[in-house]
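J.: So you can see what is in the structure, the chains are spelled out below.
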Amino acid sequence: MSMTTQANGHRMKAVNGRKRRPNRSVLGDLGVWLLLIIVAIIMALPLVLAISNALKPLNELFRFPPTVFPIHPTLTNFSDLMVTMGQSWVPFTRYLANTVWITLLGTAGHLLIASMAAFVLAKYDFPGGRTFFNIVVVALMFNGYVTAVPNFITMSKLHLIDTIWAVVLPAIASPMGLFLMKQFMEGLPFSLIESAKLDGAREFRIFWSIVMPNVKPAWLTLIIFSVQGLWNNRASAVIYSEGKKTLTYALQQIQAGGVARTGQAAAVIVVIMIVPIVTFILSQSQILETMASSGLKD
Amino acid sequence: MSTFAKKYVKLRKRNAAIAWEKARRNRVCYLFLLPYAILFFTFFILPMITSIFYSFTYYNILEPARFIGLQNYINLILQDDVFLTAVKNTFLIAVITGPVGYILSFGFAWFIHELPRWIRTFAVLIFYAPSISGNAYSVFQIIFRGDSYGWFNAVLMHLGIIKTPELWLTNPATIMPVLIFVILWMSMSTGFLAFVAGLQGIDRSQYEAGYVDGIRNRWQELYYITLPNMKPMLLFGAVMAITQSFNVADVPMALAGFPSTDYAAHTVVVHLFDYGYTRFEMGYASAIATLLFLVMILCNKLIQNALRRVGT
Numbered sequence: 001m002s003m004t005t006q007a008n009g010h011r012m013k014a015v016n017g018r019k020r021r022p023n024r025s026v027l028g029d030l031g032v033w034l035l036l037i038i039v040a041i042i043m044a045l046p047l048v049l050a051i052s053n054a055l056k057p058l059n060e061l062f063r064f065p066p067t068v069f070p071i072h073p074t075l076t077n078f079s080d081l082m083v084t085m086g087q088s089w090v091p092f093t094r095y096l097a098n099t100v101w102i103t104l105l106g107t108a109g110h111l112l113i114a115s116m117a118a119f120v121l122a123k124y125d126f127p128g129g130r131t132f133f134n135i136v137v138v139a140l141m142f143n144g145y146v147t148a149v150p151n152f153i154t155m156s157k158l159h160l161i162d163t164i165w166a167v168v169l170p171a172i173a174s175p176m177g178l179f180l181m182k183q184f185m186e187g188l189p190f191s192l193i194e195s196a197k198l199d200g201a202r203e204f205r206i207f208w209s210i211v212m213p214n215v216k217p218a219w220l221t222l223i224i225f226s227v228q229g230l231w232n233n234r235a236s237a238v239i240y241s242e243g244k245k246t247l248t249y250a251l252q253q254i255q256a257g258g259v260a261r262t263g264q265a266a267a268v269i270v271v272i273m274i275v276p277i278v279t280f281i282l283s284q285s286q287i288l289e290t291m292a293s294s295g296l297k298d
Numbered sequence: 001m002s003t004f005a006k007k008y009v010k011l012r013k014r015n016a017a018i019a020w021e022k023a024r025r026n027r028v029c030y031l032f033l034l035p036y037a038i039l040f041f042t043f044f045i046l047p048m049i050t051s052i053f054y055s056f057t058y059y060n061i062l063e064p065a066r067f068i069g070l071q072n073y074i075n076l077i078l079q080d081d082v083f084l085t086a087v088k089n090t091f092l093i094a095v096i097t098g099p100v101g102y103i104l105s106f107g108f109a110w111f112i113h114e115l116p117r118w119i120r121t122f123a124v125l126i127f128y129a130p131s132i133s134g135n136a137y138s139v140f141q142i143i144f145r146g147d148s149y150g151w152f153n154a155v156l157m158h159l160g161i162i163k164t165p166e167l168w169l170t171n172p173a174t175i176m177p178v179l180i181f182v183i184l185w186m187s188m189s190t191g192f193l194a195f196v197a198g199l200q201g202i203d204r205s206q207y208e209a210g211y212v213d214g215i216r217n218r219w220q221e222l223y224y225i226t227l228p229n230m231k232p233m234l235l236f237g238a239v240m241a242i243t244q245s246f247n248v249a250d251v252p253m254a255l256a257g258f259p260s261t262d263y264a265a266h267t268v269v270v271h272l273f274d275y276g277y278t279r280f281e282m283g284y285a286s287a288i289a290t291l292l293f294l295v296m297i298l299c300n301k302l303i304q305n306a307l308r309r310v311g312t
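These protein sequences, in sequence, are chains D and A.
Note that our numbering has the first sequence beginning at 1, numbered continuously upward.
Note that our numbering has the second sequence beginning at 1, numbered continuously upward.
If you're looking for bench data, these hints aren't it; they were derived computationally from the structure.
All values derive from a computational prediction rather than experimental measurement.
Incorrect hints may appear among the rest.
Claimed, not checked - Within a straight-line C-alpha distance of at most 30 Å, the following computed BS3-like cross-link-like pairs (lysine-lysine) qualify:
1. A:K88 with D:K197
2. A:K301 with D:K123
3. D:K123 with D:K245
4. D:K123 with A:K22
5. A:K301 with A:K88
Only chain D is shown next, with the shape it has when bound in the complex (with noise of 0.2 Å):
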């Protein structure tokens, strides 16, 4: 690259002033933002139409040819739902708890256990820590479809069929949460870890208050993976009692409940959807947001 100085001083001034970066060109981030605007028309679709479907009217629903917006918009779907639910021979809030003690467990879990894991991984040369590794990323690519039958027998012979743990301890072990934080944390400058070893804190303080708090996109991002996960995890194959089942198989069971039942299977759809994308919203906006002035680069 050519090192020649091209900044003159009315680009330095763009770089003091607040938005406009001095090596942009207008008509780049036009023909960018056009782009963004026509693929997001694209990406917005199912859940427009999510939204859309749970808010029309059966009779819209069955409308030839489909609207894409309902002509007269109403909330029935949703309280015919909650009478269904009402009426369910288990409690509703059981499924709740159910789900929520699932999703709580798994992700708080998966989040502590795998973070540790991948802390050492990252930042101490220890034997046989690079080929744990390996084998972890490579266990990435093996199908779950046939890892399911003796999983099953795993589980059974260790007596967790039937129970939340057959959920919660998978879900805390996956490989996906380990090689995220990994990868994030090779990014942190030894010199970090250096100084506070220096300063004399031991392995755990080190991972907890300055790792940690080092890679907040990353465990935010890893939280977004393990809700949504664990919410939209049904479960069935491993738990049949049905004060135990979760919220999302129930509600499956409701919207599997025939033609009559096609409102509310529409409504189903935007409830299920609901915890996920408050989760996705409010990390989303910490990782963008708050972390936008900080950088630790050695």
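Following the hints, complete the assembly by docking chain A onto the known chain D.
T.: Positioned in the frame of chain D, the structure of chain A alone reads:
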């Protein structure tokens, strides 16, 4: 010869002693790793090894597995014509959607990163929307319906491009393009979010130093500052892209039917699912999984080596 052997043994002993000393000094590392390692071994490694073992057996889930050596692999490669079709389809999907999806994920993460702050969260949400609910792709069943009520047909007929409705998901010639489009549409997933988070962590002062050093346009900035800083996330995204593009199964099964016309949308994992869960030939399904696994490891190796050279 014997002196050589002695020397070798001595060397090995010395290396082992060094490793042991290193392990002893870092023993707290093993403590950090232990909880994860135990769970990971129980729920990921153990089932994986068992499945690879099943691939050398006849196993129908009900009866105990019976060892048959390489028979599954021989049948798979020499006799199973449908498998060869599946391999062809999977490669076509992986070769197109893997790299293109990866580049799109990075590109859009990068573009969104440059947007003003107030709109960024919303923009990320919109781009991630196809992945947020597990089966959002089922909208495409309505869009690509074979009759004139399907939206795509309706639009094309309204514009006068086609006269009669097209059977997009039944005609072997059009299944693949539709599938590839849908899979690309879903490709802003894990890798995309990792890129968004990674871009956020790059030190601002490096960009400012770049302006002073004469980086003139966004492409130079991308190549000399952004990409080298993003290397760990690029590696992560690549592994996820490989995993997703080789494991395509749900989308073709939901859209093109199971089995699809002329096996036009039959992928390796659909084939695996067919044997594992409709015919209960777990041994054969495990052999398919093992072969796919080996191909993916190889592919991963090649890509990781290529990515190491980025920005150097």
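J.: Checked against the structure, which of the hints given earlier come out wrong?
T.: 1, 3
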